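K.L.:
Below, each chain spelled out in residue letters.
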Amino acid sequence: MNRSRYFWKALAGSLCLAFAMAIATGCSPAETKASVKKIPANQEFSGFLKDYASLKPNPNLDGNALTFAAADAKQNLRSYFAIIVDPVEVYVATDADASKVDDEARIALTNYFQHALVDAVSDAFPVVNEPSPLTLRLRTAIVGVDVGGQVAAGDVPADAKPLHQALNIGKVGVEMELVDSKTGERIAAMVDKTNLGAGAEVGAANFSRMQKFAAAREAFDEWASRVRTFLDSEHELKGEDAVKADQSYRPYGE
Amino acid sequence: MKRILSILCGLLILYSYSPSSLAIQDKDKDKDKEKEVTPSFPAYVDSDLCARLMLGPITTQRVDCSVKTYKDGSNPVLVRLDDNTIFSVNKEKMVKDYVGGFGEASGDIKVKSGTMKLKGFTPIERSQIPEGPATKLLDVRTYQAKGSAQLHEKVRHELAMIAYITTFDFISFTLVGNDVILTGWTVRDTNRSDAEYRVKKIEGVGKVTNNIEILPLGGIDMEIRAAARSALQRTHSTYFWSNGSDIKIVVKNGTIILLGAVRTQQDFDTATIQLNSLSGVFHVFNMLRVTPPAPKDKG
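So the sequence lines, in the order shown, correspond to chains A and B. Going by my numbering, the first residue of the first sequence is number 1, and it counts up by one from there. Going by my numbering, the first residue of the second sequence is number 1, and it counts up by one from there.
So that you can see chain B by itself, here it is in the shape it has in the complex (with noise of 0.2 angstroms):
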């Protein structure tokens, strides 16, 4: 028994002697350059996958939506309620119990990876948080679905005309009047910042928050992309076209985030039970909407 615990201390030390660490090792010192200690800012405590898909005001709807995907083993994360910027925690213990609420958060951020080291958090009632962008963007009624339609469908096609978008990419946005939200998650450093690029420089779009997270390619990961894409283009091949598709795979630690669209129920269907068949998939959220094809004109 000790002998192989001495072997695997060996493999952990050769581990980190090898490349591909030294070169995570060389990113995240370059990562540390951008951390930022700042005093506690009221948050709200969400899941992962609702924070990155359903970014708008903390309705009935998300804070269902942050409840049931926690349990389902989305990780918690703390949207900061001042800007909407979402941040991975270190001590995913100190909130997963408020998922679905607020509190006052405190510790060391880096923006840019979107992590925060949590030193402190305090649970609060959303009527405790003070007056101020936080509750401004609390309220469903700053957020502009109406009267800004043009901006919307500007962001909405130069997202869509990005060039290395995959598969395995998925990058949605919210607009908060004339701000943009952006989220989701991608394969390619590139692409994160290429949305960015592209949104800011859309006449009238005021401030760009970047929630686009950058999954870590993992080897199992990449197994289960390749996996997951064979299969769904076998059993829905009308939703793949040579260079795309309707539906985005998103996988991050072994778990799928199915997402876009699908014409009937029977498809939402087969595509959880394809992909949950998979070796090495821990849970598939299947967030595809089902939009059944308009009627076609008789006249």
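Just chain A, same shape as in the assembly (with noise of 0.2 angstroms):
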């Protein structure tokens, strides 16, 4: 009798001890590990990236982008098929105070960017969760974020939550990259830098539904869809590469 109370208190405990570490694991918001961190002065870059020696312009890319991605023919971009996207960064710009960026603002923004990141590019690379063999991890950075302005209630729909301070992105550029996840080996990079123009600020918890906040939806949205085309750029099949692909293809079900 009482072995069997042992067991089932054992099993109770367990039952409870699990719970917590799923809530605490699986269930908390993984955007509370991202921090603010600050562009050092003088620099074009934020440092997110240790090396920006290697990137170039990339023609298949509008804008100002510049892009590095192996060559390495048994460790590059078609080596790889699965993805684990990081937590968002924020950097903000050399002039703004850091102490002023809202927690709040800064997790809507940076939420709304790594869904935006794992829609653009999940049917490509199956998002995981866990390092493995093949599977590369995508870390990203929104840099020059600067503060905005206070939020009154009345700029946003009754049904909508202010931010106490809106976050101004008009400045911002992302700068991003992919590396082996299980050794860190850097496989592509990219660095985007678009001024969006006075205006364009996150000031509401769920701004991605507000027209007054659609600067900042649209901008996040194309950066993302801008990874994609860059990792559908390097995928397509060209030159001896295309043909090798063409000769080597044969059909079973003949």
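Treat the hints as calculated values from the structure; they're not laboratory data. Remember, predicted model here, so these are calculated numbers, not experimental data. Worth double-checking, as some hints may not be accurate.
[What the hints assert, rightly or not] From the derived model, a few chain A residues whose C-beta atoms are all more than 10 angstroms from chain B: (1) E44; (2) L49; (3) A53; (4) P59; (5) D97; (6) D146; (7) E218; (8) T229; (9) D232; (10) H235; (11) L237; (12) D241.
[Said to hold, decoys possible] According to the in silico footprint, chain A covers these stretches of chain B (three or more CB under 8 angstroms from chain A): (13) 161–173; (14) 185–192; (15) 233–245; (16) 258–270.
[Said to hold, decoys possible] Taking lysine-lysine and the PhoX-like style, the derived pairs with C-alpha atoms no more than 25 angstroms apart in a straight line are: (17) A:K171 - A:K50; (18) A:K182 - A:K38; (19) B:K112 - B:K93; (20) B:K207 - B:K110; (21) A:K38 - A:K100; (22) B:K201 - B:K154; (23) A:K74 - B:K252; (24) B:K200 - B:K136; (25) B:K91 - B:K136; (26) A:K38 - A:K244; (27) B:K207 - B:K112; (28) A:K238 - B:K112; (29) A:K244 - B:K207; (30) B:K154 - B:K91; (31) B:K252 - A:K182; (32) A:K244 - B:K154; (33) A:K244 - A:K74; (34) A:K238 - B:K154; (35) A:K238 - B:K201; (36) B:K117 - B:K252; (37) B:K96 - B:K112.
Backbone N, C-alpha and C fix where the C-beta goes; we use that ideal spot for every residue, glycine too.
Two independent chains are provided; combine them into the complex using the hints.
P.N.:
Written out as structure tokens, the structure is:
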């Protein structure tokens, strides 16, 4: 009887522990890991990427995008097919007051962008949570964020929650890299700078639903889409590869 | 012992709340939306391997393939004769004794995911299959090998040019008149939909049946994929180039299916030996074709 009671106690205890751990690990928002950093003074880039020297203008992408893709025959983008999308980091502009960056605003911003990235890449690169062979890790940072003005409740619809302080994203850019999820070796990278202009800001927790913040929503969707365009262009079969793929392919159902 | 059991239960609960598990549950919910309840239909009981490689008439050769590969570990599946759609079934026990034969199957089907919740299966003789689309597809004359070479080549070329195809994907097809049956395995959703899109837009193509299976990623399968590619890149390097390969490595739940072509029987044999020695591999189905290079023109 005592042994039986001990068993049920142990079972209940472990279930409680498991549930608590599940809530702590699985159900908590991943974005809490993100932090706010600052672009060093007089620097062109944020320092989020370890190396910027190998980045080159990419003719497949409009604007000021700089990209890098490993050319190693055994370890390039085509060697991988799954992806981990890391929480997005935020780098504030050099002259911005980082202490005034509202946590809620940062979470709204990074959450939206992370989801946009997942949506953009997931049918080509299945999104997974654990590092494994053939899996990339997508590290992304939004750089150049500035502190916006106070948000008046009247600026957003009654059913939406305004942020205490808006985030100005008029001069932001995106830096991202794809690394081997096991070794950390860099496989591809991209720096995409776009000037959205005055008025582009995030002022509500669910800004994606509001017309007022349409510029922010469109900007993040566009960046995510450009990441996908970059991946697509690197996978496109060209020249000798296309010829070899064509010659090699013979179906079985004949 | 009981303490261990309780910890295992806890871990199970923990897994059920993990993000990956939640993602899978969400996907399952989406798939439920496409569930169809259909009346029973005549089906051929095939092995997964032959169904996805040999779609065509049910000849003696195909029956032999079904029986042999099933014995070697390929799962039994149902091929709906009306349209050649392949269904993985939840209750394999109900059909496993009839691999290579026919039956009347009933249950809930999900066409997009190619799965069936089997409720009933009654074995039948080939002669009992009612006249109609099902019997038409059993007839070898229905499968057009001649006269549509141009269409065949167009389809083949379109499928060869899919950008995201890797060493770990293999997409095949069969022409039934002007209808196309797509088969094979892929690790990416986009390859399945892209293949169908590309084939549908080819002028002259009729109905397209999409039997391409999206493979589970699985932690162990990922390890096997990486190890298998690495092993073959060492021993069969001439079949690999910078962005592709003549040899395709399909990995599903610890089973490897080797597809494509090699030039010699020795290359064929050593590939099997190499992959059988990998950790975690249950079975290697070597379906490579040995195609010696054409002799050079001496003139």
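K.L.:
Hints first: check each against the structure and report whether it holds.
P.N.:
Going through the hints against the structure:
Listed as a non-interface residue, A:E44 keeps its Cβ farther than 10 angstroms from every Cβ of chain B; the least gap is roughly 32 angstroms. At roughly 25 angstroms from the closest C-beta of chain B, the C-beta of A:L49 stays outside 10 angstroms, upholding its exclusion from the interface. Interface exclusion of A:A53 from chain B stands, the closest Cβ pair being 24 angstroms apart, more than 10 angstroms. Look at A:P59: its CB is around 18 angstroms from the nearest CB on chain B, clear of 10 angstroms, so calling it non-interface holds up.
Every C-beta of chain B lies more than 10 angstroms from that of A:D97, the closest at about 34 angstroms, which supports listing it as non-interface. Against the 10 angstroms criterion, A:D146 stays outside the reach of chain B, whose nearest CB is about 32 angstroms from its own CB. Against chain B, the non-interface label of A:E218 holds: every CB pair exceeds 10 angstroms, the least being about 24 angstroms. Distance check for A:T229 against chain B: the nearest CB is about 12 angstroms away, which clears 10 angstroms, and the non-interface claim stands.
With a cut of 10 angstroms on Cβ distances, A:D232 falls inside the contact zone with chain B, its closest approach being about 7 angstroms. For A:H235, the requirement that its beta carbon stay farther than 10 angstroms from each beta carbon of chain B is not met, with the minimum near 4 angstroms. For A:L237, the non-interface assignment is contradicted: its Cβ lies about 6 angstroms from the closest Cβ of chain B, within the 10 angstroms cut-off. Residue placement check: A:D241 does not keep its beta carbon more than 10 angstroms from all beta carbons of chain B (closest about 5 angstroms).
Proximity of the stretch 161–173 of chain B to chain A, defined as three or more residues with a beta carbon under 8 angstroms from a beta carbon of that chain, is established by the 9 residues found. With a cut-off of 8 angstroms between beta carbons, the stretch 185–192 of chain B has 4 residues touching chain A; three or more are needed, and the interface restraint holds. With a threshold of 8 angstroms between beta carbons, the proposed coverage of the stretch 233–245 of chain B by chain A holds, since 6 of its residues qualify and at least three are required. With 3 residues bearing a CB less than 8 angstroms from a CB of chain A, the stretch 258–270 of chain B meets the requirement of three and the coverage assertion stands.
As the CA atoms of A:K171 and A:K50 are separated by approximately 22 angstroms, the hinted pair is consistent with the 25 angstroms bound. Distance hint between A:K182 and A:K38 is unfulfilled; the C-alpha atoms sit about 28 angstroms from each other, more than 25 angstroms. For a cut-off of 25 angstroms, the pair hint linking B:K112 to B:K93 stands: about 23 angstroms separates their Cα positions. Restraint check for B:K207 and B:K110: satisfied, since their Cα atoms lie roughly 19 angstroms apart, inside the 25 angstroms limit.
A hinted pair counts as satisfied when its Cα atoms are at most 25 angstroms apart, and A:K38 with A:K100 qualifies at roughly 13 angstroms. The suggested pairing of B:K201 with B:K154 holds, with an alpha-carbon distance near 11 angstroms, which does not exceed 25 angstroms. The hinted pair formed by A:K74 and B:K252 meets the criterion: a straight-line CA distance of about 23 angstroms does not exceed 25 angstroms. Restraint check for B:K200 and B:K136: the C-alpha separation of about 23 angstroms stays at or below 25 angstroms, so the hint holds.
Restraint check for B:K91 and B:K136: not satisfied, since their Cα atoms lie roughly 28 angstroms apart, outside the 25 angstroms limit. About 48 angstroms separates the Cα atoms of A:K38 and A:K244, which puts this hinted pair outside 25 angstroms; it is violated. Taken as a hint, the B:K207 and B:K112 pair is honoured in the structure, with Cα atoms around 15 angstroms apart against an allowance of 25 angstroms. For the hint linking A:K238 to B:K112, the alpha-carbon distance of about 31 angstroms lies beyond 25 angstroms, and the restraint is violated.
Between A:K244 and B:K207, the direct Cα distance comes to roughly 29 angstroms. Violation of the 25 angstroms bound is thereby established for this hinted pair. Restraint check for B:K154 and B:K91: the C-alpha separation of about 39 angstroms exceeds 25 angstroms, so the hint is violated. Annotation: proposed proximity of B:K252 to A:K182 holds, straight-line Cα distance about 22 angstroms (limit 25 angstroms). Between A:K244 and B:K154 the CA atoms are separated by roughly 17 angstroms; this keeps the pair inside 25 angstroms, and the hint holds.
As the CA atoms of A:K244 and A:K74 are separated by approximately 17 angstroms, the hinted pair is consistent with the 25 angstroms bound. Distance check on the hinted pair: A:K238 and B:K154 sit about 18 angstroms apart at the alpha-carbon level, within 25 angstroms; holds. Of the pairs offered as hints, the one joining A:K238 and B:K201 holds, with about 22 angstroms between alpha carbons and a cut-off of 25 angstroms not exceeded. Taking the CA atoms of B:K117 and B:K252, the gap is about 21 angstroms. The hint holds against a cut of 25 angstroms.
Taking the CA atoms of B:K96 and B:K112, the gap is about 23 angstroms. The hint holds against a cut of 25 angstroms.
Going through the hint list in order, the structure does not satisfy hints 9, 10, 11, 12, 18, 25, 26, 28, 29 and 30.
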